[in-house]
Every structure is written in structure tokens, then in C-alpha cells.
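Chains A and B supply the protein sequences, listed in that same order.
Letter 79 of the first sequence, counting from 1, is numbered 79 in this note's numbering, and no numbers are missing.
Letter 215 of the second sequence, counting from 1, is numbered 215 in this note's numbering, and no numbers are missing.
Warning: the hint list may mix true and false statements.
Restricting the straight-line Cα-Cα distance to at most 30 Å, the calculated cross-link-like pairs of lysine-lysine (DSS-like) are [stated by the list, open to error]:
id : chain 1 : residue 1 : chain 2 : residue 2
1  : B       : 302       : B       : 254
2  : B       : 218       : B       : 254
3  : A       : 116       : B       : 181
4  : B       : 671       : A       : 44
5  : B       : 181       : B       : 254
6  : B       : 674       : B       : 81
7  : A       : 44        : A       : 116
8  : B       : 650       : B       : 671
9  : B       : 514       : B       : 302
10 : B       : 181       : A       : 44
11 : B       : 181       : A       : 94
12 : B       : 635       : B       : 650
Pair ranges (Cβ atoms, derived) [stated by the list, open to error]:
id : chain 1 : residue 1 : chain 2 : residue 2 : range
13 : B       : 159       : A       : 166       : 17 to 27 Å
14 : B       : 79        : A       : 64        : 35 to 45 Å
15 : A       : 64        : B       : 873       : 22 to 32 Å
16 : A       : 64        : B       : 819       : 39 to 49 Å
17 : A       : 24        : B       : 451       : 23 to 33 Å
18 : B       : 159       : A       : 176       : 41 to 51 Å
19 : A       : 72        : B       : 819       : 31 to 41 Å
20 : A       : 72        : B       : 541       : 36 to 46 Å
21 : B       : 545       : A       : 32        : 29 to 39 Å
22 : B       : 53        : A       : 30        : 43 to 53 Å
23 : A       : 53        : B       : 53        : 19 to 29 Å
24 : B       : 453       : A       : 149       : 30 to 40 Å
According to the in silico footprint, chain B covers these stretches of chain A (three or more CB under 8 Å from chain B) [what the hints assert, rightly or not]:
id : segment
25 : 69-79
26 : 146-153
FYI, nobody ran anything at the bench for these hints, they're computed from the structure.
The beta-carbon is built from N, C-alpha and C at its ideal position, and this holds for glycine as well.
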Amino acid sequence: MRDWHPAVAAAEPSQKAERDPAAPLFGGVYRERFERILGRYPTKRAALLPVLHLAQEVRGWLAPETMTRVAELLDLTPAQVRAVASFYTMFNLKPVGSYLVQVCTNIACDLCGAGKVLERFLSETGTEPGAISADGRYTVVETECLGACGFATAVLINDRFYESVTPENVPALLAELP
Amino acid sequence: MASAVGAPARRLVTCSIDGRPVTVPEGTTIWEAARQLGIEIPVLCHDPRLRPVGVCRVCVVDVGERVLAAACVRGVADGMKVTTTSEGIERCRKTLTELLLSDYPRESRREATLGDDELLALARRYGIDREAIPLPRGDGRREDLSSPVIAVDHAACILCDRCIRACDEVQHNDVIGRTGKGYGARIAFDLDVPMGESTCVSCGECAAVCPTGALTHKSLGVAIHPRAELRAVDSVCPYCGVGCAVTYYVDLSKNAIAFADGRPSPGNDSRLCVKGRYGFDYAFHPQRLAKPLIRRGEYYPKGPLSGDVRGEGRGARGRKPGGVVDSEEVLPAFREASWDEALDLVARRFLEIRATHGPDALAGFGSAKCSNEEAYVFQKLLRAVFGTNNGDHCTRLCHASSVAALLETIGSGAVTNVYGDVRNADVVLVAGSNTTDNHPVAATFIKDAAARGTKLLVVDSRETGIARHAHHFLRIAPGSDVALYNAWMHVLIEEDLIDHEFVRERTEGFDALKEVARRYPPELAEGICGVPAGRIREVARIFGRARAALIFWGMGISQHTHGTDNARCLISLALLSGSVGRPGTGLHPLRGQNNVQGASDAGLIPMVYPDYQSVEDPAVQRQFEEAWGVALNPKRGLTVVEIMEGALRKTVRGMYILGENPFLSDPNINKVRKALASLDFLVVQDIFLTETAEFADVILPATSFFEKTGTYTNTDRRVQIGRQALEPPGDARLDWTIVCEIARRMGYRMEYRDAEEIFDELTSLAPSYAGLTYRSLEPYGKLWPCPDPETGDGIQILFDDAFPTPSGRAKFVPAEYQPAAELPDDEYPFVLNTGRLLEHWHTGTMTRRARALHAIQPSAFCEMNPEDLEHLGIEPGDLVTLRSRRGSITLRVQASPRTAPGAVFVPFHFREAAANALTNDRLDPYGKIPELKFCAVRVEKALADERLEHASGPS
Ligand code: SF4
Ligand code: SF4
Ligand code: FES
Ligand code: FES
């Protein structure tokens with residue numbers, strides 16, 4: 001039905017769109033994953049990056065309360081958690097829509113017309129870069145090289161890759177999101 | 001090179017720096033080694049007090065490798081050849097300076113105040129013209145002026161990380177971090193909130209170490225100038241028992257202090273807390289008393305004058321309640337007088353009372369805020385001139401029970417080891433001490449040790465700041481200490497974790513202790529303390545297995561009707577585990593006031609002359625009679641609360657109160673109010689119109705800490721000199737001269753040239769102080785006892801082979817658990833706990849007049865557990881009325897899980913909602929200390945009082 005690169009089909013379909021900003025850190029299966037992460041490191045502090053990812057997966061973004069909670073869990077200070085979280089652009093320090101659309105506009109994609117792809121995403125979702133669409137579904141941002149330069153333009157929606165995206169297939173791609 | 005005792009000697013290495021050989025211990029950095037040779041290598045990110053990180057690269061040197069090395073982090077190696085300067089090296093340093101300067105703000109706050117901006121100094125050194133740097137500028141980064149004491153200019157931040165290390169690793173407050181990256185990288189407070197809203201405790205350490213204009217001290221009303229333009233006075237902090245060494249920088253033209261620096265004394269290592277660094281400006285507050293005052297005839301019979309002191313909770317003139325006294329309410333009751341008139345009146349009235357009612361109808365309260373010299377002359381006046389031993393001070397309200405227990409068990413009331421030795425402990429117990437708020441700088445050393453692996457055990461009913469650093473925090477039910485420590489001892493004995501040799505050779509009475517401890521299995525203690533038996537065992541084992549354990553305690557132990565029992569248990573615990581007399585061990589009741597140790601040493605206690613020599617011992621009496629040339633009263637005197645009771649019963653009729661404010665500090669204010677009002681004659685000598693002064697017949701204007709020279713003895717027994725920095729206002733006089741004048745007018749010659757002469761008299765009568773002189777106390781004081789004041793620092797660890805008891809052994813005194821005097825019931829279901837805040841001091845007389853401290857903590861509040869508030873249907877921020885059987889107060893409530901369910905915490909600094917209106921004046925039978933930490937109260941939602949509402953808004 002769709003002509004994306006086969007890699008897409010193999011990708012883990014973690015397009016989970018329901019993020020609960022008030023979900024406990026961590027409950028249920030996430031508790032188990034948290035424990036497993038801790039088990040991989042000699043100290044709690046060392047687990048900060050994966051735990052922040054997990055927290056973001058659960059809550060959608062890293063609110064101040066979330067960072068404070070992570071600090072408590074890992075015996076760190078809030079300032080230390082913030083220092084790490086603010087260094088990596090993949091952590092959202094502001095709320096985002098259910099789908100975070102990251103369009104690569106680095107050199108290879110840019111040469112292949114990433115600018116137009118970005119524009120199309122923005123117009124289709126009716127948002128500004130970094131803002132949340134009125135229905136709460138989308139946030140569209142530019143991102144740096146996604147490492148898929150051979151298949152420009154590369155787009156990342158939540159955890160899933162889309163390659164060779166053109167302005168034309170943006171609407172279909174959006175329509176397919178659950 | 002001499003190495004520290006116990007530390008393994010490090011291998012020495014030899015290298016050459018700029019062609020000069022130098023031999024240093026392995027691990028020494030190039031920068032350090034060069035400094036020893038007198039070669040200065042420029043730095044920006046490095047400060048010798050901080051862990052080197054090597055992020056700025058200004059210190060680069062040539063070590064003969066492919067690239068230059070950072071001298072501040074690179075260690076020297078055998079045979080290394082270092083070149084610290086060359087054209088290439090200087091070019092690197094210059095370029096780095098240019099890069100940093102290119103985006104530096106035009107105005108550096110540091111250059112404009114202290115004038116010691118290190119980046120601009122480098123720019124001058126390299127002749128860099130900022131305007132000519134051909135680099136693009138950013139669009140600036142913002143300022144943050146939200147903290148009352150520190151200005152933040154992110155544009156001047158060079159990300160050297162000095163402040164982060166100072167906050168995290170020196171003060172252990174963990175507030176500052178970095179945020180963002182690239183041009184957006186900045187320092188951030190907590191989760192990047194404004195500094196004034198963060199968990200910053202305003203210790204100022206970050207501003208003290210910052211090399212640029214990024215973090216600077218704000219002016220507290222007196223402009224900050226370069227150090228060289230101000231007069232530097234080496235002194236100590238006037239507040240707590242830590243006794244930090246401070247240099248005050250005085251603007252002579254304004255007779256005011258502009259700012260303060262910590263000094264590198266063994267006691268504080270240049271660290272200060274918010275009070276020491278920013279709390280000095282009370283001394284030049286406009287409300288300072290400057291003329292003697294005599295009560296006008298129409299204001300008799302005496303009674304309180306202001307609304308707050310009458311207990312109305314609001315100013316009579318409809319002004320907002322709280323803050324400092326409204327002079328207009330009180331001053332009209334007094335007229336100004338000359339010193340002669342006032343002193344004659346005082347002498348005449350005291351003589352009359354003595355003639356009619358006998359010497360024991362007179363009494364005096366000295367102050368633990370006054371110097372050793374003042375305490376000494378004051379108790380001498382009471383004993384030699386008044387003829388009574390009725391002299392006491394606030395030690396009665398803080399550690400009287402601890403001292404009673406220590407004297408009875410180990411024969412000496414002072415600490416057996418200094419707090420700094422916590423670095424040699426492998427386990428430290430902090431019991432009933434809110435160390436981070438009340439002994440902030442001592443707490444930094446405990447936090448240091450905890451961060452380096454010393455196991456920190458914290459036991460408290462409230463989760464205080466130090467608990468956050470604890471490896472094990474036991475939250476016990478209020479007043480259940482005896483049960484807990486008896487259970488610990490039960491475990492130690494049962495599991496044979498005791499130091500048999502110590503118990504056998506150095507103690508007596510073990511069998512009696514064993515018998516009592518046997519009856520306290522952890523399962524029993526669990527029911528009393530609310531801590532699971534398993535936890536009790538676990539933590540007791542950690543304590544029992546310690547190689548060296550140090551015990552700190554505070555008012556949470558002492559201020560109970562069983563305070564002496566609490567302290568006895570801690571002492572037994574130390575004896576059982578052999579934790580006295582060795583490095584890293586000891587008993588350390590943290591003294592509250594800057595001179596509570598010294599005032600007690602100087603004999604301002606009703607049962608003892610200077611140096612704890614009993615007034616009931618005829619030999620001692622003879623010795624003092626000889627020294628002072630008068631017959632002395634052999635009857636022990638009354639203690640603080642007993643004197644107040646005496647006043648009520650009219651057995652005490654005349655009082656001289658020097659620098660204390662019993663109206664707010666003593667338990668059960670409504671009783672104190674009556675007692676003060678019923679005195680025939682009351683003289684109050686103070687620097688402000690205190691609540692107590694409203695009851696005075698005569699008020700004598702005294703000098704503040706900064707206006708006089710004297711010695712102060714800190715919690716470690718360190719005797720230090722506080723030097724005069726300011727001139728007294730108006731006619732205010734030195735306290736000791738006032739005391740001597742009263743003595744003279746009462747017919748006793750008491751004349752001294754200066755404070756130093758008084759000190760010499762004191763040391764001649766107090767064996768523990770023998771040999772100390774002002775000269776030998778320079779620059780950082782001496783610990784008493786000090787056998788070799790010329791060369792030694794004094795004895796740090798006492799009782800390494802014997803105790804000063806008749807048998808030379810320490811005695812186990814077992815204690816049985818007893819509940820508090822007034823338990824919660826249906827009518828009064830909550831337990832009240834009183835205490836202090838970091839920013840305030842006791843009755844607030846000083847700190848509420850210090851602008852920064854007042855700005856941070858402007859008003860009274862109480863703290864309760866969020867669950868309790870929910871049950872009561874009260875919102876955080878609401879006004880509540882707290883009622884006990886003795887009184888009630890109305891104040892706002894804050895929610896915090898730090899306070900346990902069922903408890904209410906009230907800081908006692910605030911006159912408009914005085915915690916002591918509620919407290920119970922029941923006494924511990926041995927230490928005569930009141931139960932300030934426990935009484936039953938009821939909590940009611942208060943109807944919003946219009947005027948109170950108004951007070952919280954802008955006025
Ligand atoms: S003032 Fe003290 S607590 Fe506050 S940020 Fe600076 S170092 Fe940290
Ligand atoms: S810790 Fe105590 S002595 Fe040191 S600065 Fe603070 S109040 Fe003063
Ligand atoms: S430039 Fe777009 S993926 Fe590399
Ligand atoms: S001073 Fe050595 S790198 Fe900054």
C-alpha cells in the first residue's frame with residue numbers, strides 16, 4: 001500500500017500517542033523497565049539518560065515536577081537533572097502534541113527539499129514550529145541530521161522513522177497516524 | 001613536609017619549574033608546586049578551595065608534550081620540566097581572554113563593587129581593548145536580581161563552574177547547575193528558576209568565589225567598595241555557636257559595614273552562612289537605643305506597652321502587626337536621662353531592695369550573646385556586689401540538661417571533640433539537631449563527611465535539612481528518644497557490638513545500664529518511637545560496628561522534661577561503643593549562641609563560679625572571696641524559670657537583664673508577662689527596645705557586638721577575639737563599663753583598663769582558660785584547654801586516657817522512658833514543636849532588623865503536614881489559631897511533609913505570634929530546662945482578620 005523504504009516496516013511500531021503528563025513515575029510495566037534500567041548501571045546517577053527517556057515516554061515531556069521526581073528517584077539534585085535534560089535536544093522541556101514530527105533540515109535533506117516538507121507539515125497541521133496544533137495532536141519541529149541522509153528527506157514521528165518523504169506524501173502520512 | 005597525623009605519607013616527586021627544582025608530594029598540581037616557588041600562574045576557573053576541574057585553560061603551561069597542559073589539574077611528575085611562560089603560552093592565554101571578553105558586558109558588577117574582576121584583570125595584563133576585538137557579539141543574556149543578597153548577571157558568566165563547586169561541594173546546598181548548551185548554556189538554579197525562588201539558602205559562597213561580575217553581593221544599604229578602600233576588621237560572627245571567623249569591611253565615613261568575608265579559620269574554612277555574611281546591618285538600624293531612658297511616673301503600675309506585647313496580636317494604632325517594635329507605642333512611656341541620673345537611680349534602687357529584702361531578692365540575666373569579659377563582670381557584680389548567686393542566662397533554655405548529664409557522667413560539660421573532626425569519623429549520629437538551619441557552617445563539615453562516605457545517621461521528629469544528606473533517617477515520635485537509644489543499646493549488648501576494653505577500663509556502672517537496656521527490646525521501642533524494630537536494629541548495628549563514631553545533638557534532645565535522660569542515653573551509647581577520646585569520636589552538644597559556652601565558662605550560672613567551680617564548695621568560695629575581696633553567698637542561686645517564678649511570688653524583686661529578652665525566649669509568655677510586670681525594679685540593658693524592655697524602670701543603651709572588643713567561646717571551645725569595627729551610636733556605652741559603674745555606685749570598686757584586663761582576671765580564676773592571652777588568641781583563637789598557647793592550637797580531643805571525675809572513670813547513668821509532661825488529648829490533639837529558622841536569631845531583635853534576613857523571612861508562620869491540613873479543611877497559606885492551655889497565637893500555616901502528621905512546628909522568633917505563648921514551662925528536674933519542644937495544642941482555622949490580611953499585602 002505504501003512505498004516507504006522497507007526499513008520502516010521493520011521499525012518498532014512505538015507510535016504510542018497517549019501520553020499522560022500525570023502518570024506515576026513509574027508504575028506497572030514502566031516500573032519493571034525502570035528497575036531493569038537501574039540494574040544495568042553501577043550507580044543510580046549513571047542511569048539518568050535512559051530514565052529521562054522513559055519518563056518522557058510516559059509523560060510526553062519533562063515538566064519541572066518530572067525532573068524533580070527523577071532527581072528523587074536517582075538521588076540527584078534537580079539542578080543536575082536539568083543540566084542533562086537541557087543539554088540534549090531530544091528531551092522536550094516544553095509540552096508537545098501527541099505526535100512530535102521532527103523534520104530533518106540538515107544538509108542532505110535540505111538539498112532534497114526538506115524545507116518544502118517542513119512547510120507542508122506545518123500547513124497540514126496548522127501550526128507554527130514548536131507549537132501544539134489546536135487539536136493537541138501535533139508539534140512540528142526541525143531537527144538535525146537523523147542519519148538517514150541516503151533517503152532524504154528523513155522525518156521522525158515519535159519513535160518512528162519515515163524516509164524519502166516529499167511534500168506530496170505528507171497528508172497521507174499524517175492520515176495514517178492512529 | 002609534615003604530614004597530617006594518621007594520613008599515610010605521600011611519595012615525594014621532584015620536578016623543575018622555569019628551571020627551578022621543587023620537591024612536593026605526589027599528586028600536587030603544577031599550579032600548587034609553582035605557587036610554592038612563588039611563581040604565579042594565572043587562573044580563572046581554579047580556586048584553591050575548590051576541586052580543580054580545568055575548564056578554562058587560562059593556566060596552560062608547557063610540560064614538553066605535544067600540547068600545553070592545564071597547570072591547575074595536571075599533577076607534577078618526577079623529572080617533569082615545566083615552563084610557565086613563553087610567547088606561545090602567553091598568546092594562548094591572551095586569545096582565551098579575548099574570546100571570553102568579546103561577549104562580556106560593558107559594566108561588570110564585580111568591578112563596580114569589589115573591583116576584583118579577575119577576567120578584567122587578565123584583560124589589563126594582556127593589554128586587550130574590548131572594543132577592538134574583531135569577534136561577533138551575542139545578543140546578551142539576562143540578569144536575575146530576584147535574590148535579596150546576590151545579583152546574577154548571566155552575561156558576565158564565563159561558565160568556570162566555580163559557583164557550582166562552591167554550592168555543591170563546599171556548602172553542599174546543591175542548588176546551582178548548568179542548563180542548555182552552546183550560546184544558550186548558563187548556570188541555573190534548581191530547575192532554572194529565578195535565584196530568589198530557588199532552594200538557595202543565600203550563604204553567598206557562590207558570590208564569594210565567582211571570578212567575574214556574574215554573581216556578586218548586593219549592597220545592604222552601604223555601597224560596596226574595593227577592599228583596599230575600606231577598613232578590614234578581623235573578627236567573628238555574632239550569631240551562632242559555630243563562631244565563624246569573619247573579616248568585616250567597614251566604611252569609616254558612614255560608620256557602617258559594607259560587606260563581610262569568611263576567614264580561613266580551622267572552624268569555618270572561610271565558609272559563612274546567610275546570617276554571618278549578610279546579617280550585620282542590624283547594628284546601624286535607626287531604632288538603636290542611644291540614650292538612657294527612665295520610665296515616666298504616669299506609666300506605673302507597670303505593664304506591657306505595645307499591642308504585640310499585650311498579646312493583642314496587632315499594633316494598637318491600627319498598624320500592621322509584626323516586624324519590629326513600633327517605637328511610637330513604647331517610647332512615650334520613657335524620658336531620656338543622663339547616664340549619671342540613670343546609674344544613680346539603678347544603684348539606689350538595688351541597694352534599697354537588698355537592704356529591705358536581702359540579697360537574694362535581686363537577680364540578673366546575662367546573655368550568651370555577650371563576651372566572656374561581659375559575662376565575667378556581670379556575674380561578679382551579682383555575686384560580689386548584689387550578694388546573690390541568682391544569675392543565669394539562656395544556656396538554661398538550651399543545653400542545661402546536656403551539661404547536667406555530661407557533668408554527672410564524664411565530669412565535664414564541654415564538647416569532647418570539635419565538629420571538624422567529623423572528617424575522621426566513619427559513623428556520625430545527628431540527634432535532635434536541625435544542623436543545617438541552626439549551625440549551618442558546622443553542618444557543611446558534616447555534609448562533607450557524608451559525601452565522602454561517613455555514614456550519617458539522623459534521628460529527629462521533623463525531617464530537617466540535614467536529613468536529606470543522611471544515609472539513614474529515623475523519624476521518631478516526638479519525645480521518644482530514650483526508648484530509641486535504650487533499644488540501640490539493647491541491640492549492641494545483645495549482639496556484642498560493644499567496646500569491652502573501654503567499658504572495663506574507662507567506665508563504671510555498666511551493670512545498671514545493662515539491666516535497663518535489657519528491658520528495651522526494639523519491638524518495645526517500635527511501639528513508642530513509631531520506627532519498625534527491624535530498622536532500629538539495622539541502624540543500631542551500623543552505629544555499633546563503627547570504628548569511630550561521633551555524636552552531635554541539639555535542642556531536640558535537651559529541651560524536654562526528660563532532656564537530661566535523653567543526653568544520658570547518648571552519652572551511654574558513646575561509652576558503650578568506646579566513642580570518646582579518639583580521633584573521629586566524641587560527644588558534641590552543638591551550642592546555640594555565639595558565646596553560650598563562654599558565658600557558662602565565665603560563671604554566669606547560678607550554681608558555679610567561673611570554670612564550673614561550685615558555689616557550695618567552701619574552698620572555692622574562699623578562693624573567690626580572696627580574689628574579689630568580699631564575703632560571698634554560699635547558697636546556689638535560682639535558674640531562669642525559677643527567677644521568673646520568684647518574681648511572681650515576690651521573692652525576687654529587683655532584676656538586671658543584660659542583653660536577654662525573656663519575654664519572647666522563655667516558656668509560657670503569659671506567665672512571664674505577669675512576672676516581669678510584678679518586679680519592683682527592672683533594669684534592661686540592650687541595644688534595642690526589646691519586648692522585655694517595655695516592663696523596665698530604667699533602660700540602658702548598650703553597645704552591639706560590632707562596637708566592642710571581647711572574646712567569645714564557640715561550640716568547639718574555641719576562644720576567639722571579636723574586634724571592634726564600629727563606633728557606638730549616641731551615648732551608648734560599652735556593656736562592661738556600665739556594669740562596673742553600677743558596682744562602683746553600689747560601693748564596690750570594679751575598675752579595668754580594657755576588656756583585655758578583664759580577660760586576664762578571668763583566666764587567672766578559670767583553670768581551663770589558664771595561659772590564654774589576647775596575643776596568643778590571634779589570628780584564629782585557641783581551643784581551651786591550651787597547654788602551650790604560644791605554639792599550639794589547644795586540645796582538640798579531650799579525655800583520651802581519663803575523665804575528670806573522682807574515679808577518673810565515666811559513669812553510665814541509665815534512664816527510663818517517660819512521656820512528655822503534657823500529652824495530646826481530644827481537646828488539644830496536636831504536638832507543638834518550636835525551633836529556629838536559618839535566617840533568624842532567637843527573639844528576632846537583631847535579625848528582623850537585618851534587611852536581607854528580614855526580606856527572606858518577613859513573617860511568622862507555622863508548618864504542618866499536608867494530610868493534617870486536608871483533614872482540617874485548611875488550605876496552605878490560611879490563617880490558623882494555635883491554642884494551648886496557656887495561650888494562643890494566630891499565624892499563617894505552610895504545608896510541608898517535613899513535619900510529621902500530628903505535629904505543628906512554630907519558629908519562635910516572631911513577636912506577633914510568639915511560640916512561647918503556647919509552650920509549657922514544666923522543667924527537667926536535673927537541668928531545670930523547660931519543655932520547649934513538646935506541648936499539646938489545638939489548631940483552628942482563624943477568621944481572616946482584616947488588618948492581618950492587609951499586612952500581607954503591600955503596605
Ligand atoms: S548562595 Fe549559597 S546556596 Fe545559594 S546558590 Fe550560592 S552557594 Fe548555593
Ligand atoms: S554558621 Fe553561625 S557563626 Fe557561622 S556565619 Fe552562620 S550564624 Fe555566624
Ligand atoms: S541530513 Fe537529514 S538525515 Fe542526515
Ligand atoms: S584555571 Fe586551570 S583550566 Fe581554568
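Verification of the hints:
{"no.": "1", "hint": "B:302 to B:254", "in the structure": "38 Å, violated"}
{"no.": "2", "hint": "B:218 to B:254", "in the structure": "18 Å, holds"}
{"no.": "3", "hint": "A:116 to B:181", "in the structure": "28 Å, holds"}
{"no.": "4", "hint": "B:671 to A:44", "in the structure": "55 Å, violated"}
{"no.": "5", "hint": "B:181 to B:254", "in the structure": "45 Å, violated"}
{"no.": "6", "hint": "B:674 to B:81", "in the structure": "79 Å, violated"}
{"no.": "7", "hint": "A:44 to A:116", "in the structure": "44 Å, violated"}
{"no.": "8", "hint": "B:650 to B:671", "in the structure": "14 Å, holds"}
{"no.": "9", "hint": "B:514 to B:302", "in the structure": "56 Å, violated"}
{"no.": "10", "hint": "B:181 to A:44", "in the structure": "24 Å, holds"}
{"no.": "11", "hint": "B:181 to A:94", "in the structure": "16 Å, holds"}
{"no.": "12", "hint": "B:635 to B:650", "in the structure": "19 Å, holds"}
{"no.": "13", "hint": "B:159 to A:166: 17 to 27 Å", "in the structure": "43 Å, violated"}
{"no.": "14", "hint": "B:79 to A:64: 35 to 45 Å", "in the structure": "53 Å, violated"}
{"no.": "15", "hint": "A:64 to B:873: 22 to 32 Å", "in the structure": "29 Å, holds"}
{"no.": "16", "hint": "A:64 to B:819: 39 to 49 Å", "in the structure": "43 Å, holds"}
{"no.": "17", "hint": "A:24 to B:451: 23 to 33 Å", "in the structure": "30 Å, holds"}
{"no.": "18", "hint": "B:159 to A:176: 41 to 51 Å", "in the structure": "45 Å, holds"}
{"no.": "19", "hint": "A:72 to B:819: 31 to 41 Å", "in the structure": "35 Å, holds"}
{"no.": "20", "hint": "A:72 to B:541: 36 to 46 Å", "in the structure": "27 Å, violated"}
{"no.": "21", "hint": "B:545 to A:32: 29 to 39 Å", "in the structure": "35 Å, holds"}
{"no.": "22", "hint": "B:53 to A:30: 43 to 53 Å", "in the structure": "36 Å, violated"}
{"no.": "23", "hint": "A:53 to B:53: 19 to 29 Å", "in the structure": "28 Å, holds"}
{"no.": "24", "hint": "B:453 to A:149: 30 to 40 Å", "in the structure": "49 Å, violated"}
{"no.": "25", "hint": "69-79", "in the structure": "holds (count 3)"}
{"no.": "26", "hint": "146-153", "in the structure": "violated (count 0)"}
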